[in-house]
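**Q** With the hints as constraints, model all of the structure from the sequences given.
In order, the protein sequences belong to chains A, B and C. Numbered by numbering that gives the first Met the number 0, the letters in the first sequence go through residues 0 to 264 in order. Numbered by numbering that gives the first Met the number 0, the letters in the second sequence go through residues 0 to 155 in order. Numbered by numbering that gives the first Met the number 0, the letters in the third sequence go through residues 0 to 785 in order.
Note that these hints are calculated values from the structure, not bench results. Please note that a few of the clues may not be correct.
DSSO-like, lysine-lysine: derived pairs with alpha carbons at most 30 Å apart [claimed, not checked]:
hint : chain 1 : residue 1 : chain 2 : residue 2
1    : A       : K16       : B       : K13
2    : B       : K54       : C       : K129
3    : A       : K25       : B       : K54
4    : C       : K535      : C       : K561
5    : A       : K25       : C       : K129
6    : C       : K595      : C       : K567
7    : B       : K146      : C       : K561
8    : A       : K52       : B       : K54
9    : B       : K10       : C       : K14
10   : C       : K9        : B       : K87
11   : A       : K85       : A       : K52
12   : B       : K87       : C       : K22
13   : B       : K116      : C       : K20
14   : C       : K20       : B       : K13
For clarity, every value in this text was computed on a predicted model and none was experimentally measured.
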Amino acid sequence: MYDVNYHRPSSLEDAVKVLKGAGEAKILAGGQTLLPTMKQHLAAPSDLVDIRKIPGMVGVKVEGGAIVIGAATTHAEVAGNADVLKHVPALSCLAAGIGDPAVRHAGTIGGSIANNDPAADYPSAILALNATVVTNTREIAADDFFAGMFATALEDGEIITAVRITPPKLAGYEKFPNPASRYAMVGVFVADTGSGVRVAVTGAGEDGVFRHEGLEAALGSDFSPGAVDGVEVSSDGLLSDIHGDAAYRAHLIKVMAKRAVSSAA
Amino acid sequence: MAEISMTVNGKAVKRSVPDNTLLSEFLREHLRLTGTHIGCDTSQCGACVVHVDGKAVKSCTMLAAAVDGSAVTTIEGLANGDLHPMQKAFNDNHGLQCGFCTPGMIMSGVDMVNRYKAEGRELTEAAIRHELEGNICRCTGYHNIVKSIQQAAGEM
Amino acid sequence: MSDGIGARVKRKEDKRFITGKGKYTDDIRMENQAYAAFVRSPHAHARVKGIDASAAEAMEGVIAVLNGQQLTGDGIGNLICGWAISSKDGSPMNMGPWSALATDRVRYVGDAVAVVIAESQAVARIAAEKVEVDYEELPAVAQADKALEPGAPQVHDNAPGNLIYDWGLGDEAATDAGIAGAAHVTEMRVLNNRLSPNPMEPRSAVATYDEAEDHYTLYTTSQNPHVARLVLSAFYQVAPEHKLRVIAPDVGGGFGSKIYIYPEEITCLWASMKTKRSVKWTADRSEAFKTDAHGRDHITTAKMGFDADGKITGFKIDTIANFGAYMSLFSSAVPTYLYATLLSGQYDIKNVYCNVRAVYTNTVPVDAYRGAGRPEACFLIERMMETAAREMGMDPGELRRRNFIQSFPHETPVIMTYDAGDFPGNLDKALKAADVAGFAARKAEAAKRGKLRGIGYSCYIEACGIAPSAAVGSLGAGVGLWESAEVRVNPVGTIEILTGSHSHGQGHETTFAQIVADRFGVPIDNVSIVHGDTDKVQFGMGTYGSRSGAVGMSAIVKAMDKVEAKVKKIAAHVLEASEDDIVIEGGEVKVAGTDKKMAWHEVGLSAYTAHNLPPGMEPGLKEGAFYDPVNFTFPAGAYICEVEVDPETGVTKVVQFTAADDFGTIINPNIVEGQVHGGVAQGIGQALLEQVVYDDAGQLITGSYMDYAMPRADDVPFYTIEHNTTVCPNNPLGIKGCGEAGAIGAPPAVINAITDAIGNNDLQMPATPARVWAAINAAKAPMAAE
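**A** Okay, here's the thing in structure tokens:
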């Protein structure tokens with residue numbers, strides 16, 4: 000790993016100061032993606048700003064009927080949280096299936112969505128649940144947040160502080176893990192939000208997480224596994240690699256969508 | 000340089016190390032606790048698993064500076080005089096061959112048993128296999144590792 | 000004897016490993032230690048026009064940047080392949096030059112061109128990135144069949160058409176005739192996927208040059224430290240043997256990949272002399288994928304003829320073996336004498352002919368990986384047998400039974416003489432343990448859950464303890480394949496066994512102690528095993544090819560014979576009895592039929608006090624032996640795999656795996672079963688998950704665990720293990736060997752089961768979900784495909 004300066008600010012203001020200071024500073028949360036990238040010399044930030052000790056960044060609250068998850072809350076904490084389990088069980092299930100137990104003890108929800116890895120699980124939940132990403136400067140709707148592979152609407156010096164989710168009527172998540180990495184090769188999150196059905200697909204798209212209009216329309220009129228059968232899922236824009244071509248991924252989107260609907264709670 | 004204070008295996012430790020020092024490197028090179036192993040660079044093999052504040056983490060994917068103020072337990076610190084039941088179970092069940100993945104397996108095994116017990120969940124064979132997703136062994140075919148964890152779960 | 004042969008003794012070596020006190024090479028830190036990082040080619044094939052190291056050399060903490068010109072200038076020799084194979088026309092194999100650091104050309108992604116020696120690993124690695132190499136890219140070829148096509152890029156100038164050798168074994172005309180007259184002919188094209196061995200401990204080396212003594216010490220991750228010293232000394236001219244000590248401390252798995260002496264160890268030794276520093280290098284996993292010798296990678300077409308009764312009339316095989324960019328140490332033997340010689344399988348076949356073309360490509364060198372040649376042979380035969388049974392509408396077990404060899408010794412048409420076995424008995428045990436009778440019910444139950452359940456068999460035979468030395472020498476081997484041992488009885492009666500075998504997970508500290516305990520009646524805690532250090536053990540050939548039991552233990556037995564003879568002489572003298580009446584029993588040396596006896600330690604003490612020894616006897620109690628086997632050993636078995644395939648996703652789950660093995664005498668069932676478990680998991684890995692992939696330009700696609708799928712705990716089931724023992728008649732303990740069986744026998748059982756489940760036999764390894772799903776679809780729509 001190249002040299003780096005580590006900072007552990009105790010306030011958002013201090014964090015922003017470092018981020019906006021000289022050099023190429025990056026936010027460090029769980030580090031489960033960033034550190035391996037740095038070890039392989041594929042990233043070389045000058046400074047790392049560890050935001051986990053900033054007050055309010057960790058934990059789950061219920062506010063006005065919405066679930067608010069602090070950005071530095073680990074996957075294990077989300078998976079084990081009683082409020083999440085009660086209001087959005089599909090999210091508990093998703094969090095419990097990210098990486099492995101040791102990764103879940105370190106990786107965070109904020110880190111996952113800020114990184115927007117095309118094979119990460121959380122982006123599909125955020126998008127399908129129509130969640131709001133709260134930062135130190137504003138609130139961003141999920142539809143405006145993800146901007147293609149590894150890209151988001153976040154600006155320099157902007158720090159995710161929380162994710163706010165209005166509990167859906169029903170939601171489910173199923174992933175097909177890559178046999179090697181165990182990341183999502185295809186992950187489908189379906190949610191009946193109460194004001195419409197949203198379906199988000201991760202792992203499969205060349206531009207990262209995306210919503211699938213066909214599946215949303217079909218499930219909007221009939222939220223049942225059988226409704227998926229008639230939907231055409233195109234392989235255009237889907238990834239092809241040694242683990243599966245775009246046609247296989249297109250097929251898996253339907254299979255995972257059906258299973259997500261079946262398991263929705 | 001980062002000034003780091005932490006408790007490692009029950010002892011207070013203070014060192015000044017470069018900011019980019021990984022926890023695994025800190026343990027192996029600075030404290031010479033070489034039981035924590037490095038088997039990959041993509042956070043998948045789990046040979047480096049240690050406990051930070053009682054939770055299993057991959058020490059190769061964590062900066063030592065980020066663990067400042069925490070309590071770390073490594074394979075060397077697991078036993079309290081006698082072998083820990085998980086260590087004993089690995090010996091009883093031939094749960095290791097070359098021994099390289101073993102420290103990580105044992106630390107992950109202890110972590111999973113502790114969690115399941117705390118949550119009152121049953122640690123079934125399928126659960127053990129699923130929980131071992133982040134630990135790769137090339138020698139044992141996992142058969143005796145699963146048996147070892149099953150035995151220890153009954154004794155811990 | 001509770002700790003003797005056959006006892007399930009818990010391993011003595013475990014304590015240090017389960018407490019984090021194992022000592023692996025990377026755990027060693029020398030005084031004055033510096034770190035090496037290699038500058039590696041990003042191109043599969045390129046000319047090296049120049050190296051500019053000035054920016055790296057200017058970095059703080061960089062001690063030296065060394066290159067191939069300097070290395071060869073100092074007289075360091077090229078890496079060699081130690082087994083000479085001639086083509087059918089008698090011409091020698093075409094071995095291209097391989098320098099530890101490339102001088103003029105790089106031939107695979109990862110080929111080393113320079114090394115940086117620095118004060119820390121981090122600085123060394125950053126400096127290595129700053130070394131500017133001027134490459135002129137050349138066209139590359141990664142696939143063996145493409146490398147044979149006219150006009151393919153040439154990997155080595157002295158191997159025209161990239162052909163290393165074109166070799167054959169067996170009687171081609173008789174085989175053709177046998178197939179021509181057959182009632183049924185099964186033809187297949189079978190690929191054996193390229194694998195990366197992946198021991199969990201990456202390779203590592205720490206080299207120290209002692210200027211005052213002009214002496215080198217190398218700690219390294221080796222399965223055979225003496226072979227390493229021999230090769231480093233005799234061929235690479237690093238140092239003469241008496242000036243070079245090689246130590247392989249705790250080694251974290253090998254599976255073949257740590258047999259070879261790689262460019263990195265040579266370079267570290269040389270660099271330690273150049274810099275007068277201890278030099279350490281430890282691979283990270285990415286480097287391991289790029290530099291550890293790969294395994295397998297065969298393209299085979301084969302025909303097998305059967306008469307109307309299902310008896311095999313002939314078996315003809317054509318194989319192309321990918322050797323990668325250079326000929327690794329034992330590469331040439333793998334697809335010849337470790338492959339073609341096993342192509343008769345467990346079957347009485349009159350005629351077998353195998354042709355093998357070995358081919359250079361711009362990929363990592365390929366050599367032995369767990370099983371080495373035998374998995375390739377077994378996979379081919381057992382896929383053919385299952386396929387033939389399906390084509391002829393026969394039960395796959397019955398077809399095998401009709402062809403099993405029933406009497407021994409049996410000479411095959413591919414130069415092997417099988418010494419003992421019970422092939423029908425193995426299959427019977429497996430059928431029973433796997434409850435094959437209940438399969439139909441299990442299949443029906445699975446169907447209710449929407450799963451396709453299938454069953455597949457594999458009856459493997461392999462050859463272990465490759466030998467005898469004179470025979471392998473006549474076939475081109477550059478070394479002898481015996482083993483050495485020394486038994487030292489101390490004055491207090493405790494015993495040290497010095498062995499040339501090397502344990503890197505096999506549990507020798509326990510099993511070797513067990514055979515001593517069994518023989519002399521001493522507690523195993525009074526026996527220690529010394530291995531892995533050329534200064535302690537005089538010589539040894541190391542551990543690979545399942546040879547530690549059959550060959551290594553036999554050498555210990557030979558040395559124990561000599562100790563016993565001396566013990567009896569001493570006791571007879573002291574007890575005033577005839578030597579013939581002396582028996583060793585329960586830790587005592589007794590005169591049979593009397594109450595006269597000495598405790599074991601009293602004999603030891605007598606030998607060293609030398610106060611009362613027979614006239615002319617030398618004091619002391621220490622004996623050595625070299626054991627050269629008279630034949631290979633032939634472990635064999637029957638494996639039955641059951642899978643469930645999810646037709647919607649193509650995901651295969653191995654739900655039941657039964658192994659019935661004949662390993663000869665078993666010293667410690669725990670350890671033997673552990674070997675089977677691990678071997679089977681690697682076999683399941685090959686069948687379902689693992690594959691090294693290069694793109695057409697020779698770039699490695701599977702360079703980390705993100706893309707190379709390793710078997711994990713939830714990819715495998717609990718295994719059912721049965722033993723059906725016939726002892727090996729050719730070594731003193733009757734041992735056959737068990738280290739590779741699982742990796743040999745498992746892959747065809749898994750693929751036979753999947754193809755049974757999905758009703759489509761057209762499936763290559765690894766049977767990834769995507770491939771299985773495609774095969775299911777192809778089976779559903781045969782008309783569309785036609």
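**Q** If a hint holds in the structure, say so; if it does not, say that too.
**A** Now for the hints, and whether the structure bears them out:
1. The straight-line distance between the Cα atoms of A:K16 and B:K13 is roughly 28 Å, inside the 30 Å bound, and the hint therefore holds.
2. Between B:K54 and C:K129 the alpha-carbon distance is near 39 Å, which puts this suggested pair outside the 30 Å criterion.
3. The suggested pairing of A:K25 with B:K54 holds, with an alpha-carbon distance near 26 Å, which does not exceed 30 Å.
4. For the proposed pair C:K535 and C:K561, the alpha carbon gap of about 20 Å is at most 30 Å, so the pair holds.
5. Taken as a hint, the A:K25 and C:K129 pair is honoured in the structure, with Cα atoms around 24 Å apart against an allowance of 30 Å.
6. A hinted pair counts as satisfied when its Cα atoms are at most 30 Å apart, and C:K595 with C:K567 qualifies at roughly 13 Å.
7. Pair hint B:K146 plus C:K561 does not hold up; C-alpha atoms about 42 Å apart against a cutoff of 30 Å.
8. With a CA separation close to 17 Å, the supplied pair A:K52 and B:K54 stays within the 30 Å bound.
9. Between B:K10 and C:K14, the direct Cα distance comes to roughly 23 Å. Compliance with the 30 Å bound is thereby established for this hinted pair.
10. For a cut-off of 30 Å, the pair hint linking C:K9 to B:K87 stands: about 11 Å separates their Cα positions.
11. Between A:K85 and A:K52 the CA atoms are separated by roughly 27 Å; this keeps the pair inside 30 Å, and the hint holds.
12. For the given pair, B:K87 sits about 20 Å from C:K22 by alpha-carbon distance, which is consistent with the 30 Å threshold.
13. Between B:K116 and C:K20 the CA atoms are separated by roughly 29 Å; this keeps the pair inside 30 Å, and the hint holds.
14. With a CA separation close to 23 Å, the supplied pair C:K20 and B:K13 stays within the 30 Å bound.
Checked against the numbered hints given earlier, this structure breaks hints 2, 7; the rest are met.
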